[in-house]
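Q: Sequence:
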Amino acid sequence: MPPQRMRHGMVPSWQSDAMTTAVARQRLAQYTGGSGQLPMYLEQEVFSWSPEKIILKTYDLFLVSARRGDEHRMRRILSELINALNFDYGELPQRLLRLYEYCQRCIAMRRYEDAATIIGGLRQAWAEAFHLE
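Each number in this note's numbering corresponds to the 1-based position in the sequence shown with 31 added.
A few of these clues could be false.
As the list claims (entries may be wrong) - Now the in silico label distances, taken between C-beta atoms and shown as ranges:
1) Arg98 to Arg129: 34 to 40 Å
2) Arg141 to His162: 31 to 37 Å
3) Trp80 to Leu123: 20 to 26 Å
No wet-lab data here; the hints were simulated from the structure. In this text the structure is predicted, and so the values were computed from the model without any measurement. For every residue, glycine included, the Cβ atom is placed at its ideal position computed from N, Cα and C.
Based on the sequences and whatever the hints tell you, model everything.
A: Now the structure itself:
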């Protein structure tokens, strides 16, 4: 099955051609702090999400990680967001990349609140644009 492409040019990396379902389960479990396995009901729910909802939930995970001061998880989430960018879709992915890189610098300087403000704004715009939550 080809990866699902979103209007703004992002493909969640766990839906890319190279990523298997097993790897996707493992990554999702890592982000949720699980033992490598998701409960079946949660796994079914996550894999039924649209690409737009996946990005929204990824932003949510970042915000929770920022509140907890979990630098390692924030970096991993930003890496996933950056890896999901598809630069064939014009200027928007470039702008998102710059914002994500700025957030990475904020994290390096332990300015978690600044990074959370940026991601929170993106999350709000994303939810409004795609009528989510």
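Q: Now, for every hint given, state plainly whether the structure supports it.
A: Comparing the hints with the structure gives:
Arg98 and Arg129 have their C-beta atoms about 24 Å apart, which leaves the hinted 34 to 40 Å range violated. Between Arg141 and His162 the CB atoms are about 35 Å apart, so this pair conforms to the stated range of 31 to 37 Å. Under the hint 20 to 26 Å, the C-beta atoms of Trp80 and Leu123, about 21 Å apart, fit the expected range.
Hint 1 from the earlier list is the only one contradicted by this structure; the remaining hints agree with it.
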